[in-house]
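Engineer: Produce the complete structure using the sequences and hints provided.
Residue numbers (our numbering), protein chains in the order written: chain U, 1 to 532; chain Z, 1 to 276; chain C, 1 to 320.
No lab work stands behind these hints, which were simulated from the structure alone. One or more hints might be untrue.
To be verified - Computed beta-carbon distance windows for the label pairs:
1. C/Ser179 <-> U/Glu119: 37 to 47 Å
2. C/Thr240 <-> U/His389: 51 to 61 Å
3. U/Leu63 <-> C/Gln166: 35 to 45 Å
4. C/Arg3 <-> Z/Cys8: 47 to 57 Å
5. C/Thr134 <-> U/Ser82: 24 to 34 Å
6. C/Trp305 <-> U/Ala137: 19 to 29 Å
7. C/Gly206 <-> U/His161: 42 to 52 Å
8. Z/Arg4 <-> U/Ile76: 32 to 42 Å
9. U/His161 <-> C/Ile77: 23 to 33 Å
As the list claims (entries may be wrong) - Here are the simulated lysine to aspartate or glutamate pairs, DMTMM-like style, with alpha carbons at most 20 Å apart:
10. U/Lys397 <-> U/Glu382
11. U/Lys58 <-> U/Glu119
12. C/Lys276 <-> C/Asp92
13. U/Lys133 <-> U/Glu123
14. Z/Lys161 <-> U/Glu334
15. U/Lys116 <-> U/Asp151
16. U/Lys58 <-> U/Asp84
17. U/Lys31 <-> U/Glu48
18. U/Lys133 <-> U/Glu119
19. U/Lys116 <-> C/Asp307
20. Z/Lys161 <-> U/Asp369
21. U/Lys352 <-> Z/Asp167
To be verified - Some chain C residues flagged as far from chain Z (calculated, every beta-carbon gap over 12 Å):
22. Gly156
23. Pro194
24. Leu236
Where is the CB? At the ideal position from N, CA and C, for every residue including glycine.
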Amino acid sequence: MKIVDGQKEKLRIEQLEVSYPQEGAMQTALKSVTFTLYEGEILSLLGESGSGKSTVAKTLIGLLPSSATVRSGTLILSGHSSIDLSRPSTSWSEIRGRGVAMLFQDARLALNPMMKIREHFRETLHAHRLASKEQIASISEHWLTRLGFTDPSTILNAYPHELSGGMCQRVCLALTLCLRPQVLIADEPTSALDTVNQREVLHLLQSLQRELGLTVLLITHDIALAEALSHRVIVLNEGRIVESGLTSQVLREPSHDYTRQLLASRDLTSDAKAISPPDASSLLTIRNLFKTYDAEQPILSGVNVQLHVGEIIGILGQSGCGKSTLARCVVGLEHAQSGTIHFRRQDITHAKGSARRRLARHIQLVFQDARASLNPRFSALELVQTPLHAFRVGDRKERLERARYLLEEVGITGAAQHRRPPQLSTGQCQRVAIARALALQPEVLICDEAVSALDMSVQAQILELLQRLHRQFGFSILMISHDVRVLRAFCHRIAVMHEGRFVEFLQGNRLSSGEHAHTRLLLQGADEPESV
Amino acid sequence: MNSRRASCALGFGVALLALLAGSVFTASWLSPDDPLAMNVGARLQQPGMEHWLGTDRFGRDILTRTLHGGQTTLISCGLALLSAVLIGMLLGALAGMFHGSVFDIVLMRIIDVLLAFPFMVFAMVIAALFGTSLFHLLFAVVVVWWVSFARLTRSLVFQAKNSTAVDAARVLGTSNTVILFRELLPQALGPVLVLATFELGNLILAIAALSFLGLGSQPPSPEWGSMLADGRAHFMTAPHVLLGPALWIILTVLAFNCIGEGLRDRMDPYEKARIG
Amino acid sequence: MGRRLLVAVLQMLMTVFVASLVLFALIRLAPGDPAKLLIGRTMDIAWDAAAYESTLNELRQEMGLNGSLFSQYASWIGSLLQLDLGTSFYTDRSVAAEIGERLPSTFLLAGTALIIQMAIGLFIGILSAVHSGTWFDTVVRLLCVGLASVPGFVIGLVLLLALAVQMGFYEISSQATLSRLWLPALTMGLLGAPQVIRVVRANLLGELGQVYIQSALSRGLSSTRVVWHAMRNVLLPTITLTGLSFTSYISGAVVIESIFAWPGLGEYALNGILHKDYPALQGYALVMVLSVVVIHLMVEALYVWLDPRMTRRKKEAVHE
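Structural biologist: Next up, the structure:
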């Protein structure tokens with residue numbers, strides 16, 4: 001990795017302080033943030049949600065919401081006069097696009113659904129008077145080609161909804177690069193994409209950065225991404241810069257406690273011994289499960305798996321591979337066309353009505369979007385009592401006691417037990433959802449991407465919680481995730497799912513030894529981040 | 001900021017409505033004169049100290065008639081809307097629960113047909129066939145007006161049925177009845193209430209318009225609509241005859257619109273916790 | 001996209017069919033014998049019972065009231081298809097001809113009102129969305145709530161009193177001339193404007209908060225340019241609203257037409273009610289239903305045509 005010391009300054013931000021109104025008072029989102037971006041480098045701004053990293057990005061391009069107040073701050077962009085950010089400025093349209101450009105997290109949302117890609121290009125180039133009418137087509141085709149599109153004219157005539165998320169992000173990148181900006185801000189540019197698309201966009205970003213000598217500010221929560229791409233790293237926590245320096249230095253020998261904590265949560269190196277070994281008797285048996293919505297492509301095409309008592313099986317796959325449908329079939333939210341699901345000796349494939357209701361005592365599901373899975377009108381305590389009430393477990397007092405105990409177990413204590421979901425954090429919501437799922441003491445717990453919406457440190461906490469509960473109660477877990485990291489730390493076995501079936505089973509601790517081509521594709525990026 | 005404005009609108013609307021309802025329902029105490037008593041010597045008097053809003057062509061005090069007449073108008077409009085809401089919610093909830101079933105499809109076709117009849121046209125046909133009276137107008141209201149509530153409830157219940165919260169409730173073994181009352185209907189109740197508030201205002205306006213044309217309740221009973229129809233004949237020479245009922249109608253509808261605006265702004269349970 | 005429209009057309013035909021059944025049933029359900037009603041007007045020989053009976057029978061035969069309900073309906077539909085809506089009890093003229101004379105003036109009024117409404121609504125709606133939260137926005141909101149609370153005839157009467165009676169700007173007669181068009185049209189336009197303002201403001205505000213707006217701004221597009229970006233997406237709800245407004249204008253024009261003595265369909269229908277002129281009323285209702293259904297269909301077609309997400313299905317999506 002090259003050291004960029006002594007190079008030309010491209011952009012500098014000084015003493016930035018931003019606050020938002022919250023619950024009647026002004027809450028400081030950023031406090032005395034100062035940093036410099038040098039020509040030709042990639043600087044990562046690393047932080048969890050709520051750290052203020054997106055606020056930095058929005059400040060740099062003048063897109064803060066009107067409720068935010070910039071207390072102080074100066075932006076110095078080379079070739080421009082310095083801007084006092086605390087004053088409303090009219091010169092943003094000169095800076096945006098050519099001075100500072102931005103790549104958004106979800107590219108599908110960053111393109112106008114009613115406009116063709118061609119119109120996006122025309123308008124963008126036109127706004128800066130960079131091309132005549134005749135040139136627009138050739139310039140846009142040129143940039144689309146550089147971004148790896150083989151048939152740029154088709155893309156130009158497409159509407160955003162006709163392109164995949166990865167393609168949209170490449171189009172967005174072409175749209176920003178055709179203006180040759182001095183600084184590119186990339187705000188979580190890949191976190192809305194799945195693994196394979198992610199890698200493609202990153203490769204392009206990396207190679208174009210090198211070819212064009214781009215200066216990039218990468219905003220991310222993903223340590224691996226920062227490590228793979230950036231020259232320098234700034235770690236942001238609660239609106240303050242806690243640490244900054246060369247990537248290798250900060251991420252290998254962190255000097256600040258917060259950075260160390262963040263790095264620890266990334267590794268998720270739970271001791272495999274802590275996971276109690278499974279029993280030999282089988283609990284849940286799925287045979288040849290098949291499901292299709294339309295005749296062309298089945299969503300499940302012959303799934304076979306056997307879950308033993310106390311076992312944790314991870315299901316790894318990209319979005320759309322059918323893993324969520326599998327979970328929904330097991331709990332009866334959807335029904336398979338053929339194949340069987342057995343719980344112990346009982347065939348539950350087509351269980352309906354009261355038979356299905358009784359199964360709630362044995363099989364439970366934790367959803368990805370915990371907040372949405374909780375009725376916002378009830379308090380945490382009431383929510384955990386719901387299933388107890390439905391099955392008439394104990395009397396009123398016992399149910400309350402049990403709910404209290406479960407909430408304590410998942411770390412929701414004191415006043416938080418009486419809060420309703422809108423007043424709880426996302427992590428707390430997931431804890432409540434887990435407590436509710438465990439209320440009936442199920443033997444099988446299915447976690448459908450249960451941690452993927454959470455911050456990394458919260459992820460670590462929830463996974464630790466699940467591990468502890470697993471030891472304590474001895475249920476089996478089907479852990480569904482797209483994230484190798486999460487599964488590796490946690491599972492006895494990992495099933496790799498692709499196009500509706502399991503292509504390979506791996507032992508939890510020997511994940512890198514996958515043989516199937518798709519497994520290797522999934523593992524590629526995760527294992528060895530390429531260096532710059 | 002938003003929530004403060006919502007409370008303002010809500011407070012203003014409720015206060016105004018309380019004031020109006022108070023004036024109307026205590027009419028016999030506030031203004032003990034007989035609303036039907038004629039006084040031919042005092043015909044079509046301009047508003048003044050003796051008759052605050054003037055008198056009509058039979059010399060009847062307009063303020064007294066407006067206050068007394070409001071009872072009929074408000075109660076009958078309220079009852080008509082209430083029946084429309086109840087019918088609409090019931091049918092809509094069933095259609096939403098059993099989305100795509102025969103019942104749902106038939107209901108949607110019926111709604112299509114009813115939507116093809118504009119309310120005004122339907123009310124006019126009813127009035128022509130069965131005679132002009134307030135009761136027939138209200139009958140037309142109930143027949144047509146439930147449609148918007150049914151459509152709203154149906155879409156809300158259907159949406160809620162496919163939500164993660166209901167999936168979660170299913171997985172937890174919650175019975176269908178409990179899901180209907182704890183998850184589905186509460187989702188629909190708020191928006192339906194908001195719609196009902198606005199629609200009550202619209203309903204009063206529509207009834208007023210039809211009465212103005214002479215299709216509503218008939219003289220001499222004091223009712224806002226019939227007073228309007230009555231005043232229509234001489235509005236060129238004595239426009240003040242319309243002032244009383246028009247003013248009360250405007251203020252009543254304004255109150256309902258304010259309440260509706262206020263309620264709409266505070267419905268979302270996540271709104272309060274959200275930043276900014 | 002063709003399929004979607006085909007379904008819409010089929011649904012429309014079904015709606016019209018059921019609506020015609022409903023209308024037919026309503027007229028037949030009505031208390032009173034149409035033939036007796038008609039005879040009451042044309043003959044004063046009710047004391048001669050025998051002559052009365054025979055004339056009545058003749059009339060029934062003539063009006064097709066003697067056959068079974070089904071054959072009555074069939075013959076009614078048959079004549080409808082030949083654009084024969086029957087003869088008015090009151091004026092003794094062909095209903096179709098009379099409606100044909102009046103239809104243009106009602107559509108002219110509704111169309112002009114629609115243009116005024118959309119012009120006011122779009123202009124103020126866009127302004128108050130762009131300046132949301134300012135005093136201007138607050139004033140507009142208050143005005144909208146206020147205006148939406150006033151009955152249409154009150155606004156009409158006030159304008160008529162002020163402009164025609166007091167100031168003499170407007171001539172009161174019953175001619176459908178262009179110089180008489182503007183006041184009723186303005187009244188209706190004012191009545192409809194608050195709803196347009198509300199819809200445009202709410203949708204535009206929603207769109208302006210979207211990521212694609214931020215993205216367009218970040219590429220250096222000016223803030224005015226970005227509003228046009230967003231307006232493309234506000235177009236669709238606005239079209240729906242336009243359709244709804246138009247239908248409510250042609251049916252709700254009754255009140256305004258009667259205040260301004262505008263010789264449109266509303267006046268015809270009111271006379272129909274007054275004189276229990278069933279054929280006239282039936283014809284009026286049928287024309288209204290047809291207009292509503294056709295407007296719905298046009299909105300649907302516009303939607304399909306304008307929204308790229310409808311014209312191009314996922315299957316034709318670009319693949320690499």
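Engineer: Against each hint, give a clear statement of whether it holds in the structure.
Structural biologist: Status of the hints after comparison with the structure:
1. C/Ser179 <-> U/Glu119: 37 to 47 Å: 44 Å, holds
2. C/Thr240 <-> U/His389: 51 to 61 Å: For C/Thr240 and U/His389 the Cβ distance comes to about 44 Å; the hint is violated.
3. U/Leu63 <-> C/Gln166: 35 to 45 Å: Once the Cβ atoms are compared, 53 Å apart, the range 35 to 45 Å for C/Gln166 and U/Leu63 is violated.
4. C/Arg3 <-> Z/Cys8: 47 to 57 Å: 50 Å, holds
5. C/Thr134 <-> U/Ser82: 24 to 34 Å: Taking Cβ atoms as reference, C/Thr134 and U/Ser82 lie about 30 Å apart, which means the hint holds.
6. C/Trp305 <-> U/Ala137: 19 to 29 Å: Cβ of C/Trp305 to Cβ of U/Ala137: about 26 Å, so the range 19 to 29 Å holds.
7. C/Gly206 <-> U/His161: 42 to 52 Å: 18 Å, violated
8. Z/Arg4 <-> U/Ile76: 32 to 42 Å: 39 Å, holds
9. U/His161 <-> C/Ile77: 23 to 33 Å: At 44 Å between Cβs, range violated.
10. U/Lys397 <-> U/Glu382: 12 Å, holds
11. U/Lys58 <-> U/Glu119: 25 Å, violated
12. C/Lys276 <-> C/Asp92: 13 Å, holds
13. U/Lys133 <-> U/Glu123: 11 Å, holds
14. Z/Lys161 <-> U/Glu334: Satisfied, since the Cα-Cα distance of roughly 14 Å is no more than 20 Å.
15. U/Lys116 <-> U/Asp151: 15 Å, holds
16. U/Lys58 <-> U/Asp84: Satisfied, since the Cα-Cα distance of roughly 15 Å is no more than 20 Å.
17. U/Lys31 <-> U/Glu48: Holds: U/Lys31 and U/Glu48 sit about 16 Å apart, inside 20 Å.
18. U/Lys133 <-> U/Glu119: Holds, at roughly 12 Å.
19. U/Lys116 <-> C/Asp307: Holds. U/Lys116 to C/Asp307 sits at ~12 Å (cutoff 20 Å).
20. Z/Lys161 <-> U/Asp369: 16 Å, holds
21. U/Lys352 <-> Z/Asp167: Given that 20 Å is the threshold and the Cα spacing comes to 15 Å, the pair holds.
22. Gly156: Non-interface label on C/Gly156 violated, nearest chain Z Cβ at 10 Å vs cutoff 12 Å.
23. Pro194: 10 Å, violated
24. Leu236: 17 Å, holds
The structure fails hints 2, 3, 7, 9, 11, 22 and 23 (numbered hints given earlier, in ascending order).
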